[in-house]
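Colleague: The primary structure of each chain is shown beneath.
Number of protein chains: 2
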Amino acid sequence: MSITTAAPSAEATRARIADVAEQLFRTMGYQKTAVADIARELGMSPANVYRFFASKSAINEAITARLLDSVAVKLERIAEADGSAEARLHAIGQELLSSSMSLFFHEKRMHDMVSAAMGEHWGVIHTYIGRFITLLTRVIADGMAAGEFAPGDAAAGAQVVKACTMIWHHPAMLAECMQNMERTPSEMSGDLTQAMALLVAGLKRGSR
Amino acid sequence: MSITTAAPSAEATRARIADVAEQLFRTMGYQKTAVADIARELGMSPANVYRFFASKSAINEAITARLLDSVAVKLERIAEADGSAEARLHAIGQELLSSSMSLFFHEKRMHDMVSAAMGEHWGVIHTYIGRFITLLTRVIADGMAAGEFAPGDAAAGAQVVKACTMIWHHPAMLAECMQNMERTPSEMSGDLTQAMALLVAGLKRGSR
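Chains as they are written, first to last, in the numbering used here: chain A, 1 to 208; chain B, 1 to 208.
Same chains, same names: a pair is fine if it fits in one copy or spans any two.
Capping the alpha-carbon separation at 25 angstroms, the derived lysine to any residue pairs in SDA-like fashion look like this:
| # | residue 1 | residue 2 |
| --- | --- | --- |
| 1 | K56 | Q23 |
| 2 | K56 | N180 |
| 3 | K74 | S186 |
Hint data in this document are derived by calculation from the structure and do not stem from the laboratory.
Make the full structure from the sequences, and use the hints.
Modeller: The structure is reproduced here in structure tokens:
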């Protein structure tokens, strides 16, 4: 029987680089962190970091993908839980708002990174939006199957709900609501509750 | 009987300065146009222009206010016209989308100016939003009075309809929908029709 010490997989190394980079971006800020800083913290050469990520921007892409994945997982859990479709839609909206708020208020640097990624790495955002539409479609289809909502095209309904609630989860809109419109977090939560209630009423009645 | 040549009123001079500046901003671009260019075109000294506007940015503010006023007037006309509240809400949404689209596509420089004004002169945007909420409230109140919509708080309904349709009239969102999400103008018009139909269904059923 031979004993081998396996080298960490490429995936594990990528994750470790992303962990350390995320920590540095959070503490030093994205702009001020160089790939050399990340390499030093890892005890690696910068050349080795570049074997796994072509650029600092690519590291940001990976971190943003991870962050959005963690939000999507939470939303998917709500979508798959028990309860009425109406209650789940409200819970999804509020979870999304509080995730976005917390990013904006408590992790301003991560918020800036997501905003930057929306300009540079649309693919990551696109994947996230796809998962969001899928989970909304599931909840609306459940509601239609249960007779809670009028029969109709659940995927089309999901697109409408996503578009109509955009201002409560789009980073730039959220910032504008709070800064220019001077809405407080609790007012925004109330606004979203009202909006979701109107959309749910529409789904119950059916729009065709 | 004495004949006097009245000097143009301050308001008329301000309007003339704004006219010429708007023309130059459209053709040369906002950044490249200096107050000296505007003054030369008017046969005035720059000092005289500064008697009426404290800065180039203040001229932009006046032009943006005028532009938004012309949009608001069109929307108010629709709100006050005959027809069902449902039809008027759809017409308001489509008019707003097509005004915003035309600015974005055909008058890119004016679009950039409105975007700039949203950062620098929120008061002008705020006034416009106030008129928009007022006209939506009127249509929804009409619908409630006619029994077309369920009874409720028309002003609260207007806030929800405004927030839910934001992505079809906010300059930054409109640009993102077309550029990143690759929606065509006719798809966006269809998306808005579906969204408005769901909101109208919600208003008919009532959300409380």
